[in-house]
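Colleague: Sequence:
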Amino acid sequence: MKFFIDTANLAQITEAHDLGILDGVTTNPSLMAKEGIKNEQGVIDHYKKICEVVDGGDVSAEVIATTFNEIIEEGKKLAAIHPSIVVKVPMIKDGVK
1 MKFFIDTANL
11 AQITEAHDLG
21 ILDGVTTNPS
31 LMAKEGIKNE
41 QGVIDHYKKI
51 CEVVDGGDVS
61 AEVIATTFNE
71 IIEEGKKLAA
81 IHPSIVVKVP
91 MIKDGVK
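What the sequence shown shows, in this note's numbering, is residues 1 to 97, in sequence order.
Bear in mind the hints are in silico, worked out from the structure with no lab data behind them.
Just so you know, these numbers come straight off a predicted model, no measurement behind them.
There could be a bad hint or two in this list.
[Unchecked claim] Heads up, simulated DSS-like pairs for lysine-lysine below, C-alpha to C-alpha not over 30 Å straight-line:
no., residue 1, residue 2
1, Lys76, Lys38
2, Lys34, Lys77
3, Lys88, Lys38
4, Lys2, Lys34
[Unchecked claim] Label pairs and their computed distance ranges (CB to CB):
no., residue 1, residue 2, range
5, Gly20, Lys49, 18 to 28 Å
6, Gly42, Val86, 13 to 23 Å
7, Met1, Asn39, 20 to 30 Å
8, Leu19, Asp94, 34 to 44 Å
9, Ala11, Lys97, 32 to 42 Å
10, Glu15, Gly95, 28 to 38 Å
11, Ala11, Ile72, 18 to 28 Å
12, Ile21, Asp94, 35 to 45 Å
13, Ile21, Lys88, 36 to 46 Å
14, Asp55, Ala79, 12 to 22 Å
15, Glu70, Gly20, 35 to 45 Å
Just so you know, even glycine gets a beta-carbon here, dropped at the ideal spot from N, CA and C.
Given these sequences and hints, build the entire structure.
Modeller: As structure tokens, this is what we get:
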């Protein structure tokens with residue numbers, strides 16, 4: 001079994017990591033916004049910080065695009081942030097195309 005925390009809050013992620021129970025983090029755009037992360041560079045910087053804390057565990061990053069080409073483009077940008085990033089796509093026709 002693996003333990004993933006569903007948050008973008010660095011303090012919560014750090015606490016779970018320090019307990020030795022964290023295998024990864026799942027996030028989404030609304031969780032990022034809840035932490036006040038709004039622009040593209042802010043999102044990139046925040047994902048880098050999360051990846052540093054998780055230290056090798058998976059960090060999911062969800063695209064907000066809804067068309068096939070935009071999903072691919074955004075997914076590539078997210079994946080390029082850090083090797084630990086796992087890209088989540090929406091369960092819509094273009095997301096599973």
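Colleague: Each hint should be assessed against the structure and marked as holding or not.
Modeller: Outcome of the hint check:
no.	hint	verdict
1	Lys76 / Lys38	19 Å, holds
2	Lys34 / Lys77	22 Å, holds
3	Lys88 / Lys38	18 Å, holds
4	Lys2 / Lys34	25 Å, holds
5	Gly20 / Lys49: 18 to 28 Å	20 Å, holds
6	Gly42 / Val86: 13 to 23 Å	20 Å, holds
7	Met1 / Asn39: 20 to 30 Å	36 Å, violated
8	Leu19 / Asp94: 34 to 44 Å	39 Å, holds
9	Ala11 / Lys97: 32 to 42 Å	38 Å, holds
10	Glu15 / Gly95: 28 to 38 Å	32 Å, holds
11	Ala11 / Ile72: 18 to 28 Å	34 Å, violated
12	Ile21 / Asp94: 35 to 45 Å	36 Å, holds
13	Ile21 / Lys88: 36 to 46 Å	22 Å, violated
14	Asp55 / Ala79: 12 to 22 Å	18 Å, holds
15	Glu70 / Gly20: 35 to 45 Å	39 Å, holds
Going through the hint list in order, the structure does not satisfy hints 7, 11 and 13.
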